[in-house]
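Here the protein sequences line up with chains Z and V, keeping their order.
Read in order, the letters of the first sequence are residues 1 to 694 in this note's numbering.
Read in order, the letters of the second sequence are residues 695 to 858 in this note's numbering.
Among these hints, one or two may not hold up.
Said to hold, decoys possible - Calculated cross-link-like contacts (lysine-lysine; reagent style DSBU-like; alpha-carbon spacing at most 35 Å):
1) K836(V) with K822(V)
2) K708(V) with K696(V)
3) K836(V) with K401(Z)
4) K304(Z) with K401(Z)
5) K405(Z) with K836(V)
6) K304(Z) with K405(Z)
What the hints assert, rightly or not - Derived Cβ-Cβ restraints for the label pairs, each shown as a range:
7) R430(Z) with V740(V): 36 to 46 Å
8) D779(V) with P437(Z): 45 to 55 Å
9) P437(Z) with E820(V): 24 to 34 Å
10) H709(V) with A436(Z): 57 to 67 Å
11) P437(Z) with V740(V): 37 to 47 Å
12) L37(Z) with H709(V): 22 to 32 Å
13) D779(V) with E151(Z): 52 to 62 Å
14) L400(Z) with D750(V): 48 to 58 Å
15) T435(Z) with E762(V): 31 to 41 Å
16) L145(Z) with H716(V): 45 to 55 Å
17) G706(V) with A33(Z): 40 to 50 Å
18) H716(V) with V513(Z): 35 to 45 Å
19) A502(Z) with D779(V): 16 to 26 Å
20) A507(Z) with Q739(V): 47 to 57 Å
For the record, the hints were derived by calculation from the structure and aren't laboratory data.
We treat Cβ as the ideally placed atom computed from N, Cα and C, and that holds for glycine.
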Amino acid sequence: MAADRLTVVGRAVPRLDARDKVTGVARYVSDLALPGLTHAKVWRSPVPRARIIETLTERAAAAPGVLAVCAAADLPVKRLYFGPAYRDQPILAHEVIRYAGEPVVAVVADTERHAQAALALVDVRYEELPAATSAEQALAGNASLIHPEIERAGHFRDLSGLRPIPGTNVCQHYAYQRGDLAHALEDADLVVEGVYRYPALSHHALEPHCVVARVDGDGLTVWATTQHPFPVRRELADVFDLPLAAVQVVVPLIGGAFGGKCYTKTEPLAAALAARVRRPVRLALSMEENARTITRHAVSVVIKTAVTRDGTLLARECDVVLDTGAYADIGPRVATKAGYRAPGPYRIPTLRIDAKCVYTNNVPAGAYRGYGVPQVTWAGESQMDVIAERLGLDPLALRLKNLLKRGEEYVAGDTPIDGDLAEGLEQTARAVGWTAPLARGRGRGLACAMKDGGGTHSTSTAIVRINADGSVDVLAGSVEAGQGIRTALAQITAETLGVPFASVVVAAPDTSVTPYDWGTSASRSTTIMGLAVQEAARDAREQVLALAAPLLDAEASMLTIRDGAITHGDRAMTVAEVISGHYGLVGGEVTGVGSFVPGKSSGDGRGDGSEIHLRCRRRPGHQPARVRGPGRGRSDAGDRPGALRGARERRRPAHESRADRLSGPGVHRPAADAGDGPDRERRRPRTVRRQGRW
Amino acid sequence: MKEIAMTVIVNGDKHDLTVPPHETLIECLRDRLGLLGVKKSCDVQVCGTCTVLLDDRPVSACTVLAFEARGRSVRTIEGLARGDDLHPVQEAFVEHGALQCGFCTPGMIMATVALINENPRPTADEVKHYMRGNICRCTGYKRILEAILDASRRMSGASAGNGR
Numbered sequence: 001m002a003a004d005r006l007t008v009v010g011r012a013v014p015r016l017d018a019r020d021k022v023t024g025v026a027r028y029v030s031d032l033a034l035p036g037l038t039h040a041k042v043w044r045s046p047v048p049r050a051r052i053i054e055t056l057t058e059r060a061a062a063a064p065g066v067l068a069v070c071a072a073a074d075l076p077v078k079r080l081y082f083g084p085a086y087r088d089q090p091i092l093a094h095e096v097i098r099y100a101g102e103p104v105v106a107v108v109a110d111t112e113r114h115a116q117a118a119l120a121l122v123d124v125r126y127e128e129l130p131a132a133t134s135a136e137q138a139l140a141g142n143a144s145l146i147h148p149e150i151e152r153a154g155h156f157r158d159l160s161g162l163r164p165i166p167g168t169n170v171c172q173h174y175a176y177q178r179g180d181l182a183h184a185l186e187d188a189d190l191v192v193e194g195v196y197r198y199p200a201l202s203h204h205a206l207e208p209h210c211v212v213a214r215v216d217g218d219g220l221t222v223w224a225t226t227q228h229p230f231p232v233r234r235e236l237a238d239v240f241d242l243p244l245a246a247v248q249v250v251v252p253l254i255g256g257a258f259g260g261k262c263y264t265k266t267e268p269l270a271a272a273l274a275a276r277v278r279r280p281v282r283l284a285l286s287m288e289e290n291a292r293t294i295t296r297h298a299v300s301v302v303i304k305t306a307v308t309r310d311g312t313l314l315a316r317e318c319d320v321v322l323d324t325g326a327y328a329d330i331g332p333r334v335a336t337k338a339g340y341r342a343p344g345p346y347r348i349p350t351l352r353i354d355a356k357c358v359y360t361n362n363v364p365a366g367a368y369r370g371y372g373v374p375q376v377t378w379a380g381e382s383q384m385d386v387i388a389e390r391l392g393l394d395p396l397a398l399r400l401k402n403l404l405k406r407g408e409e410y411v412a413g414d415t416p417i418d419g420d421l422a423e424g425l426e427q428t429a430r431a432v433g434w435t436a437p438l439a440r441g442r443g444r445g446l447a448c449a450m451k452d453g454g455g456t457h458s459t460s461t462a463i464v465r466i467n468a469d470g471s472v473d474v475l476a477g478s479v480e481a482g483q484g485i486r487t488a489l490a491q492i493t494a495e496t497l498g499v500p501f502a503s504v505v506v507a508a509p510d511t512s513v514t515p516y517d518w519g520t521s522a523s524r525s526t527t528i529m530g531l532a533v534q535e536a537a538r539d540a541r542e543q544v545l546a547l548a549a550p551l552l553d554a555e556a557s558m559l560t561i562r563d564g565a566i567t568h569g570d571r572a573m574t575v576a577e578v579i580s581g582h583y584g585l586v587g588g589e590v591t592g593v594g595s596f597v598p599g600k601s602s603g604d605g606r607g608d609g610s611e612i613h614l615r616c617r618r619r620p621g622h623q624p625a626r627v628r629g630p631g632r633g634r635s636d637a638g639d640r641p642g643a644l645r646g647a648r649e650r651r652r653p654a655h656e657s658r659a660d661r662l663s664g665p666g667v668h669r670p671a672a673d674a675g676d677g678p679d680r681e682r683r684r685p686r687t688v689r690r691q692g693r694w
Numbered sequence: 695m696k697e698i699a700m701t702v703i704v705n706g707d708k709h710d711l712t713v714p715p716h717e718t719l720i721e722c723l724r725d726r727l728g729l730l731g732v733k734k735s736c737d738v739q740v741c742g743t744c745t746v747l748l749d750d751r752p753v754s755a756c757t758v759l760a761f762e763a764r765g766r767s768v769r770t771i772e773g774l775a776r777g778d779d780l781h782p783v784q785e786a787f788v789e790h791g792a793l794q795c796g797f798c799t800p801g802m803i804m805a806t807v808a809l810i811n812e813n814p815r816p817t818a819d820e821v822k823h824y825m826r827g828n829i830c831r832c833t834g835y836k837r838i839l840e841a842i843l844d845a846s847r848r849m850s851g852a853s854a855g856n857g858r
């Protein structure tokens, strides 16, 4: 279908959920209530590392309204430990405490207030132990092992090659090298070296993690604020030793995610408590508890770059250390991605990259917009500015000189760059008036980063059902976290089927209803799930046309659906008439199935596609401009899936846009006097004064 | 614990309630009256997500005690639209795409209604200043700002009765 003939995709349509969200009708997990609902609260460790001596729960258990007080040993589970990369995280701390804020005891009561009040009566006796509260401490020779043994989870194919360093706190080690480093350093006119530190951050999605769990004769049902309903189902099945079909994970609207709701978090605890009290349990974290559940990795980057006098990059060395906290979560993959992306979108013949994911006694760190990109970009792009200053070059010209061109390889064997990065950067420079004189007290800077395409190694499946009245249900497991995925999938369906946009309804993810999806992360859904939905809609359309052909005395191949009707010569039938004509007057439906499976499409299962994300600040207090590589992906509009067009034309997943952004509108910049040279300077990004900025 | 009898007008409806002294307004609105459009987020009066109007002034329902609304009028997001007719601020938020996850949206809209009530034609800087107590983590604020300015234009262009 030619792009200029698209009627729904590529056009601005109102978000399907906009009206519900402005009227207060929209329902989130934290709005859910069930008959007999009980409430859980968690006693958390005040110390980062300790040995648990004794847990005294009798007084709490006798408090008003309390139904159960559980330590780890009291949970009715088959497996206490969970985690997407390693099964290293206990549902409640068992024998040892590994971070301040770790859940140790849970109280279930008839009301939230009763549960909260009973927490004060929980008495945990412990022996505090010396803790490693930084990656440096955890890497020191005398550091205790936070996990003497770790078991691989085996959930994700790309994590089958995890490389921990035995006998250390390193749970993943990524290394990459090419070229002759010593030679390159010798040839250089300038070598710049620096240490850049990036602090841990909280995702601060406005809806804190919330789970409602119910156990009944059919098994376990969990309503959860998760971006990964199917991986959560798998982990719950492991924890309770249930078949997948006995575990149902439902995800209504969720109030922001940003990676903080990736993978399993508090779902096993809520489910175990529901199994224990045999009543539905709601576990709603406070915002403070949220910040003690998951963070973005604190990272230190030691980076050294060798250049010639004219600004040609010769070599880059990068040692990245990620503090993944007490439990790995998805940190090993973040470390791998941080290492892979550390060179930036530049042509650098010689590289030595080393990335380590390190256990510490801090709050666990996991996925957060960009998977390591913000941290390594802060270092690399800061250094580009230092190089420009030292060589007396324009920072824009220095970047343009070294940016990879379309068709050039980033890493040998991976899909080459397929966007025009330089044009994107130039557009950005124009947008911020790069060459215009600066007013007094104003600064101006630009930076670029590269993120390899998201999620092409993963599977999505979808079902498109055309009902007897012509209305359409889309069953897709993509989570609506604000990115507008339901609207995008409805557009794709309406476009492919040839039915009105308003006739399409996209269901909420429900593992017992919607078919398998790997998860809503890595900017993958509009592209990967979009392709699955497109295929399902094509399948349904072909079935409808096959039913219509005899009714219209035509070959199915000659027919098409437009605006819900099929016309042949002077005869026309609506989709509804075709379906009810086939099945009888009242019922029936046509069901189309589609999937994206790595390797099945022309995608090769590797990350593909590249784009630059450029964030500039004109002056303090203004929103940073954001310009994308031309012809790539979507605009910043939440729900205009231009990505579909790119994907369709190339049959390769393009990037989806929004979730790739760096973490909110704040821009981290080096100090104005950022130096370089052999005496390494330690720099921290300036703290953004609040999570957002008006 | 002695409970407090109170009468409160919520979205135009009179309620006779008996509440414990520690009950917060957000608990009262959500758990007692089922007004789930009032969202709980930080619970410490930082994020503005639970903003409601108390006698037309914006307050954080998480840190106002329910009995403080005694004899007063509360308006929540549920009380803005008239049937199928959205309030002009709601319309502007939809048309400008000024929402994503939507969790901040009820509070953002209620704060906007209060702003325009106090200052019918605010400048962009005045909007930014007034709305500093409302956090959005998705949008980057640009479209919210556009929606607020547009809503103020529409409402000042309409007759006084449409301000609601």
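Evaluation of the provided hints:
1. K836(V) with K822(V): Holds, because 10 Å separates the two Cα atoms, which is no more than 35 Å.
2. K708(V) with K696(V): Distance of about 23 Å is within 35 Å: holds.
3. K836(V) with K401(Z): 33 Å, holds
4. K304(Z) with K401(Z): Holds - the C-alpha atoms of K401(Z) and K304(Z) are around 19 Å apart, at most 35 Å.
5. K405(Z) with K836(V): 32 Å, holds
6. K304(Z) with K405(Z): Status holds; Cα separation ~23 Å.
7. R430(Z) with V740(V): 36 to 46 Å: Once the Cβ atoms are compared, 38 Å apart, the range 36 to 46 Å for V740(V) and R430(Z) holds.
8. D779(V) with P437(Z): 45 to 55 Å: 50 Å, holds
9. P437(Z) with E820(V): 24 to 34 Å: 29 Å, holds
10. H709(V) with A436(Z): 57 to 67 Å: 59 Å, holds
11. P437(Z) with V740(V): 37 to 47 Å: 39 Å, holds
12. L37(Z) with H709(V): 22 to 32 Å: Roughly 23 Å apart at Cβ, these two residues keep to the hinted range, so it holds.
13. D779(V) with E151(Z): 52 to 62 Å: 59 Å Cβ-Cβ, so the 52 to 62 Å window holds.
14. L400(Z) with D750(V): 48 to 58 Å: 55 Å, holds
15. T435(Z) with E762(V): 31 to 41 Å: With Cβ atoms ~57 Å apart, the hint is violated.
16. L145(Z) with H716(V): 45 to 55 Å: 46 Å, holds
17. G706(V) with A33(Z): 40 to 50 Å: 25 Å, violated
18. H716(V) with V513(Z): 35 to 45 Å: 41 Å, holds
19. A502(Z) with D779(V): 16 to 26 Å: 20 Å, holds
20. A507(Z) with Q739(V): 47 to 57 Å: 37 Å, violated
Checked against the numbered hints given earlier, the structure breaks hints 15, 17 and 20 and satisfies all the rest.
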